[in-house]
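Engineer: Now for the letters of each chain:
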Amino acid sequence: MIVSRKWMARSGAALFAVALLYPFTALFAHIGPWQWDSEVRGPVLSSIRVSLSLTGLAMAIIVAVGTPVAAYIVHCRPRERLLWQAMLLIPILLPPLALGILMTLAFGPYGAIGSALERYGIAMTNSATAFVVTQIYVGMGYYVLGAVAALDAVPVMLQKQAALLGLTPMRVFLRVTLPLAKLGLAVSLSIAWVRAIGEFGAVVVTAYYPSGMPVQLWVNLQSFGLPAVMPLLVVFLAVALPLPWLIHVLAQRQRHA
Amino acid sequence: MLKTRIIKKRRELTVDVSVELAQGNSVGLFGASGAGKSTVLACIAGIEEPDDGYVEVKNLRFFPPSLPLYMRPIGYLTQEPGLFPHLSVSENISFGIPKNQRSRKEHVDWIMTLRDRLQLAPLWNAPAALISGGQARRVSLARMLARRPSLVLLDEPFAGLDRRLVRELIDDLVFWSRSVGFSMIAVDHQAEVLKRLCPQQAIVLEQGRTVQQGTWEELSRTPATPLLASLLAPL
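These protein sequence lines are chains E and C, in that order.
Position 217 (the first sequence) corresponds to 200 in this note's numbering; numbering is contiguous.
Here this note's numbering runs 396 ahead of the position in the second sequence, where the first position is 1.
These are computed hints drawn from the structure, not numbers from a lab.
Check each hint, because a few of them may be wrong.
Distance condition first, Cα-Cα at most 20 Å in a straight line; then the derived SDA-like pairs of lysine to any residue [stated by the list, open to error]: (1) K591(C) / E564(C); (2) K399(C) / M467(C); (3) K143(E) / S462(C); (4) K143(E) / E476(C); (5) K495(C) / R154(E); (6) K143(E) / P460(C); (7) K143(E) / L463(C); (8) K399(C) / R605(C); (9) K143(E) / G492(C); (10) K143(E) / S434(C); (11) K143(E) / Y466(C); (12) K591(C) / R563(C); (13) K495(C) / F156(E); (14) K143(E) / S546(C); (15) K143(E) / E444(C); (16) K591(C) / E416(C); (17) K165(E) / S484(C); (18) K495(C) / T160(E); (19) K495(C) / M153(E); (20) K143(E) / P464(C); (21) K495(C) / G149(E); (22) K495(C) / W520(C); (23) K143(E) / E445(C); (24) K(-11)(E) / A0(E); (25) K143(E) / Q475(C); (26) K495(C) / P162(E); (27) K143(E) / R544(C); (28) K143(E) / P494(C).
All chains, full assembly: derive it from the sequences and hints.
Structural biologist: Below, the structure written as structure tokens:
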């Protein structure tokens, strides 16, 4: 009886995995030979550079700004915390295309900030700055909400014990809270990374140039058709997956340590 | 050394307790569960904030206004050892000592003394997350003593331990209180633990109020309430 239950559970899980990965069988679809000539290769490699470097920069800013904000929210009274959570959910809930349109209107040359920055030579549309700012808006909510949960999971009594041992609040955060929450923070960062690097809807409006990988996929589809999309798809998975995957491997190791 | 009056409203009662303690002395807060003993300690430590009253330790005002926890020269031990699981035993013990002082000879000697007296040498480099409950109590005791606090607050730190270990830890605490010279307030609902830890005097709490204060002999001879009499009666 136990064996058959185990077998049923495994079969169910296997069925789920097959359903989840089914769309990727299209990589083997008969669409003709994949196109990887110089006309495709150059822009693709450039889009990889753009995506990795600018998303990396956006993640650094998200961590630098989002972590203190999350630490602040953890110590808020419940009502204020709910307000913050609602605020963070807004950019997550909004359809990406809508977010892109709003950002273009707000930061573009006709918005107050956009026109002011343009006077200093900082373009807030179709520029690296626009790309990074969009990635920040897209990923920040995911990181901060996850970071709040991670910091919240650190026992308050441990932090108070550290304070009673003579540590200032900043030192308590650095020596106790942060080390105990680091795994949760890393997982939150990996989710923000996955969300931002795959972002298309908002980026295509705010920063068509410089093209990141998702926009380049669209360009390849429009210009050359499916044979030029497939290689980029494989490359996309190869460069975007390792970071979040590594974090989950580390999480598993720590759990079994 | 310590002068305090703690007033703290709880859902079912209001705690209103005064304690005065001279340097190097100890007092046991005794009473049934829910009498408000732990609340008094938590308010002195700063884990909770009193609604009213005052706390003064060695002319340093803890409350009001509330002094930040890191500025209170006290040691606080509870039922939970509260070790930092990401650090080793030795790192836990040195945790409260500023880094620039750790290599000083007097500190190194002091830490080594604590290590040997509390039999922590075999665990010294072990991860704190992987030691037993009894060992963890020893480590948290060493961590607290490492800073040489002037006031030690003990909130049932021996709960759940076997009698032999409880005896050892009490003897260690009494030994250190004499050699370091710290004052001590201990909370327990077991009279025999408190008598051994704070043999000089006890304060008895019921429903958040002091009902009797005196030596253990006085409490046994003329208990102020039937509840106290039953708490002091042999099993």
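Engineer: All the hints need checking, so say for each whether the structure fits it.
Structural biologist: The hints, checked one at a time:
no., hint, in the structure
1, K591(C) / E564(C), "15 Å, holds"
2, K399(C) / M467(C), "17 Å, holds"
3, K143(E) / S462(C), "14 Å, holds"
4, K143(E) / E476(C), "13 Å, holds"
5, K495(C) / R154(E), "12 Å, holds"
6, K143(E) / P460(C), "19 Å, holds"
7, K143(E) / L463(C), "13 Å, holds"
8, K399(C) / R605(C), "17 Å, holds"
9, K143(E) / G492(C), "12 Å, holds"
10, K143(E) / S434(C), "16 Å, holds"
11, K143(E) / Y466(C), "9 Å, holds"
12, K591(C) / R563(C), "12 Å, holds"
13, K495(C) / F156(E), "17 Å, holds"
14, K143(E) / S546(C), "19 Å, holds"
15, K143(E) / E444(C), "10 Å, holds"
16, K591(C) / E416(C), "18 Å, holds"
17, K165(E) / S484(C), "18 Å, holds"
18, K495(C) / T160(E), "19 Å, holds"
19, K495(C) / M153(E), "16 Å, holds"
20, K143(E) / P464(C), "10 Å, holds"
21, K495(C) / G149(E), "12 Å, holds"
22, K495(C) / W520(C), "18 Å, holds"
23, K143(E) / E445(C), "13 Å, holds"
24, K(-11)(E) / A0(E), "16 Å, holds"
25, K143(E) / Q475(C), "15 Å, holds"
26, K495(C) / P162(E), "18 Å, holds"
27, K143(E) / R544(C), "18 Å, holds"
28, K143(E) / P494(C), "17 Å, holds"
Comparing the model with each numbered hint stated earlier shows that all of them hold.
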